[in-house]
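First to last, the sequence lines map onto chains A and B. According to this note's numbering, the stretch in the first sequence is residues 1 to 695, in order. According to this note's numbering, the stretch in the second sequence is residues 1001 to 1179, in order.
The hints are simulated quantities; they were obtained by calculation from the structure and are not laboratory data. Take every hint as true, because none was put in to throw you off.
Restraint ranges, calculated between C-beta atoms of paired labels, are given here:
1. B:Glu1094 - A:Glu525: 22 to 32 Å
2. B:Glu1094 - A:Gln644: 28 to 38 Å
3. B:Gly1060 - A:Leu379: 34 to 44 Å
4. B:Gly1060 - A:Glu318: 19 to 29 Å
5. A:Arg303 - B:Thr1091: 28 to 38 Å
6. A:Tyr448 - B:Thr1082: 55 to 65 Å
From a predicted model like this one, the values you see are computed outputs, not experimental measurements. Ideal placement from N, C-alpha and C gives every residue a C-beta, glycine not left out.
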Amino acid sequence: MDIDLSQFSQVFFEESIEGLAIMESELLKLDVAAPDPETINTIFRAAHSIKGGSATFGFMQVANYTHLLETLLDEIRDGRRQMQPDHVDMLLLSVDLLRGMFEALMSQAEFNDPKLSELELRLNHTLSNQPSQTQSVSSPQALSGSDSKALCWQIDFKAGADIMRCGNDPMLMFAELASKGTLTTELLPVSLPSWDDFDPEACYLHWRLRLTTDEPLEKLKEVFEWVEDECEISYQQMEAVPSADAPTEMLSPSPQAEIDAPAAAPEVIALAPEVQTLSTDKAAASQKQNAVAAKSGESSSIRVSTEKIDMLINMVGELVITQAMLGQIGQQDEINQESLLLLQQGLEQLASHTRDLQESVMQIRMLPISFAFNRFPRLVRDIGQQLGKKVELILKGEDTELDKTVLEKIVDPMVHLVRNSLDHGLESPELRLAQGKSETGTIMLNAYHQGGCIIIEIVDDGAGLNTRKILEKARQKGIVGPDEELSEEAIHQLIFKPGFSTADAVSDLSGRGVGMDVVKRNIHELNGSIELKSEAGKGSRFTIRLPLTLAILDGQLIRIGKHIYVVPLVSIYESLQVPTNRINRLSDGHELIRLRDEYLPVIKMYREFNHDADAREIKDGLVMVVDHNNEKTGLLVDELLAQQQVVIKSLEENYTRIPGISGATILGDGTVALIIDVAGLVKLAGIGSSNEHAA
Amino acid sequence: MADISIEQVKQGNQQYLSFIMANEEYGVDILSVQEIRGWEPTTVLPNAPDYVKGVINLRGTIVPIIDLRQKFGIKTLEYGATTVVIVVKVTMDETQKVIGIVVDAVSDVFSIEEEEIRQAPDFGHGTDLRFIKGLANVQDKMVILLEINRLLGSAILPDPETLNRIIGNLEQQAQVMTA
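One chain only, chain B, in its complex shape (with noise of 0.2 Å):
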């Protein structure tokens, strides 16, 4: 993140784009987010794992459209009205790449303060979560906070079953936090 503009250093704070998958609100910073874009067909990739969906013609440039939900190993929804493609500009093996996540909906955009994020609790499964930034109560919501370069970065996500649990128990978590 090393854009970041002068007011947000100042105000110590950092503008989140967030959005809803499986009832669940995520949020990634909108520093990193290109443009978003309505679902439209994708060309399929030969012998390419299941979330990544195909790739598009964005303006002349070739990008890969990922399923956020397969990722996640999340039941898949059928695209719909709301389905968005979220296109992002992610830093990986030290080259910038574009790639669209699509996600249920896109929801809001809100500032938090660093302050105000809180780690991931631990699982104690051992498992990595440095995908997760933190979490962020906004509106008494709870926001998962996405290390986006991290999460589509590398291979790094756990295996389904076990970010599925893991998505439950932060659920949960949200539950105490609002309560």
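Chain A extracted, bound-state conformation (with noise of 0.2 Å):
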């Protein structure tokens, strides 16, 4: 019987936030005025199965709360109470509540946060059909009086001896009951048998059970309908202060009588924040059980669906085939004209098996984006609200797939465009009538496939970047020269600049130091790169092209010396031999070349890395150019060897980080080829980020 449960919490924890991210959904889509019943039971039915997983695993603080949430959402299901705004407000703020409670489970951590008691009572207080008019109740005291249905009772549960061996556990039926109200247990003496007659498998024990609840004493009774034949269970409505010494007394057979029946009330709610934190004090020790396997598998687990797992076996079986095949002709005495053709085939389905179990194995880390979408039309929501804008959110691609890291890692940016959006972009209804335009803005995310990378776009049709603004700062802060004029696109890019905010006031969510340099960097760290267009009173949209992959990467080999390194092809704009009249030397000994109407610096790269080389100047070698933030630097190289798509290993595993180097890969002879990191590189070789030489 005794079975470790904390195995399954994981996936509990996955499921049980999966639930909440499709409550938040179905919330946002719900219609206030006319409720689409099936939008509602989705949400009941995600509710429940998180109240039933908890109530399993024992986590009392999530089942007794969300136990609130059911009872609210299902007396909606019926019909029974009409839906209203402020219904929807604490639902969504009790999914938040939540999800800090799994967060605080998974980490073993105590969950305290006072909005819950705050949220807890204005629940019940809306449950306990008084107007939900009085938002926020923020002192038990408040509710005292209101709650007047409540009533103690007494439950004495002496168990039935085989009532383990049937499957029932009493501690899931306590449970149940303390997710009605509040409870107390107190074991009762017992007389066990002799050693002898001990029986391990049987249960001695005989509780008395003290729960306030304003339930009638039915829906009591039917958590212990299953075990009634076999235990003995008597009800008592106890007097308001249940203590161990008072007074019981027994009451008449007939339920209904007692319901109606007010309790002392007010005594009964005074007393119930101290029963309250007896429970509290229960759950926290059983969370902490339970999270001791959490801990561990804390989001590095992923779920596939099984079709993908279907492909992988499909696959190791041809494999496995080819390898039979293979396998035979290898047996041959002697290899004729006929065995070598055969050899030949097995080998090309041996390369083509492999490149798709890469790609199959390469599938299963990825997630479609909606894992990133899914929050935003509840950020949209509430700072919409926030900021008094109407705001439409409109996604696109939400199918489209790309790997877990990235995907994880991209959140950030994509939540620092949307509220930039929000806040700067998007006018206020007002003024976007004033102008012509609907009341209402929009924002779109839309995300596809293009080329081996995957692109986001964030898009507002509202006001625009304010380029005279801009200019108007940057020369305040010397970025821009006085008397120098700038395209509208160098303008936009200013944008990117570190310390940049346009924001008239530090607001609320934006302009408070992280600005769209941390953007741009973080985009950068994922081998990707932004691009901004924007017309003033049209919109802006900013378009992020990312690899769809942080483990494999499409790389340039180049050569220098003996020394073989990889440059990611994303960040090579070209690679050109530069005639020495189009090379100009610095006083300070840096090279520049001139690239169109551009000067470029050139980053020796023997001389960084203190390497032998081949070429030493600029004109025996190739000049590769780089982009690094939007500024383009140019590697001196020997030679460019071939493209390939190359996996990344780290050298931080078992050495340290090398400046300039991101990491390292295997060559297909098995020797090891360097990463360059252009980033790092720029750095390293000293070029400041003010090298725009606009000719």
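Dock chain to chain to rebuild the complex, using the hints, since each chain is given by itself in its own frame.
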């Protein structure tokens, strides 16, 4: 009977967090005036399974809380209660709280958010059918008197000896009771049989439970429905203050009568917080037990569709067949023309299967971008409300898949961009109307694949960038000279400079230090890029281009002396031989090349890396033009070799970070090649970021 | 050294792999040794210290190779047929790393009881010698037992000159011990 449930808790956490996400998105979809019954059903089901699971696992805090939600939703579902905007708010806040509870459970921490008790009171308040206009109830006192139906029951529960054998666990029943109100349990002295007669699988225990609840007696009896034949159970209604010595009084067996009889309610309520602490302590203790397993597996697991697994299994099957075929050829005594042909065929098959296998394995790490998109409806709703703006959010390409690691890291930059669009981009409804636009602004998130990359667009139809203001600010900060004239596009690029914010006032949402430069850097760290197009009065469009995965990279192999390096293909613009007449030497020894109408600094890689090289002068070698934060830099290399996909390996795992190197890979011949970190190399070479020399 | 087998706890002794470097015999705890390989060309790391010879591909893992002679500041020797790379697992900053060390040749595996290990003499230079676990006499030879985690784990090594002197002193010590 003793199953260690903690081994399943990780799965439960994942499912619950998914459930919360479903609740959230469905709540946001919900039209309060005319709620779709199916939507409410979906929300109810999610809450219900979270409640059921958490009770099973002994996470009573979650179970008790979700029970309240479930009750509310149940009433709405059955049409007993009219849906109100306040309900949606409460439910959304509850989703946040529950998320917090799960995070606490996973990290084995205590969950004490003062919002919990506040919201719990609000929910209780709503449930007790009081008019829900009084929005927030901040103190428990405010509630006293309202919850007049609460009764205190004393339940004597003498478990039948066989109860455990039949698969009934009193603990679960008590947990169910605890979810109906505040429960205290007391184990009454029992006489155990002598050692010889003792049956370890039998239950000899006798409890006295005290429950303060506003549920009718039938509901309490339902809990014990399955065991009432085997156990001795008696129900007594108690005085308001339950104490062990308080005189008790047997009730007549007609429950309906008592339910309407109000008990001395104020005292019951006043007592509730105290009892509550007791039950939370209990919950905290069981949290600790169960979180042990959760800690290790935090976010390191992945849920994969069985379809993908099936594909892998098929592929491995094919591989085994090919291997058998090759093995057969290998056993032949002599190799003739015919077997050679077979061998070649086999090897081709092997190559193709290996490629497919690699693709399928990568597929496992791929998740739809909806995992990232899902948080935005809520974000847009909340911020829109806060700013008094009307916003419609359009999500497109939610099924587009990308690697889990990329997905996790792209969320923060996206949140920042969307907030920016809401805060700076979209105008207030009045202003929009005055400008002849529709009152409601739109923000569109769009994701799609394009040639081995994923493109994420964040488009708004707001005011667009205020070029005049940006230029003014840049002049103020000395980023742009007082007389320097910049093209519109160049001005737009300025917002990616550190410490640049065009918000008039530092608002609650943006403009507090974290700027677009951080967004850009984060995207660069993912080997991606960001572009911006903006038109005054029409809106802005940010385009993020990311590699599909961080584990594999399209690389250009280059040679410096006898050393081979890999340069990420995404950061390469072009490679060229530079004639002497286009090379300029500065007084500080740095050399520049003229490329069309630009002057670019050149990094001599052999010098930075302390290597030997064939080409020591720019004219003798090749210059590879690379992009670093939209600034072009030339790298002097000896030779370009092949382009190929490389699997990225960590250098830091066994060594340390090396400036200018982002990692290593293994080439076809088994040797190691290092991957160049363009940003790091530019930094290593000491080339400042202010190297625009617009001709 | 968390993972000591039961037998060793019972016997109170540990096994050491000894290797030769500049006519000196050193020992490392055999439990930290992952494998022994021949010398193979490495991929040179830019701007790395001299003693870091580069990295190799060890079945898909990138493993740095360190020349112990250079780390100790001893004159380098052309790598030859007996040159070996001892791949060791060391714990640095609470993470386990795999590192290869280049030595002249491997010598022997022997057991030493804990009480047989003598403290390395204090040379009075105020030098941190915690990377030397102690000295042991094996078949009339002196073996310098190394604390490999400390040796590779941090920059506690004294400068090559001091180190050279210490090793010279240890050699004298050995002559005293074997005499």
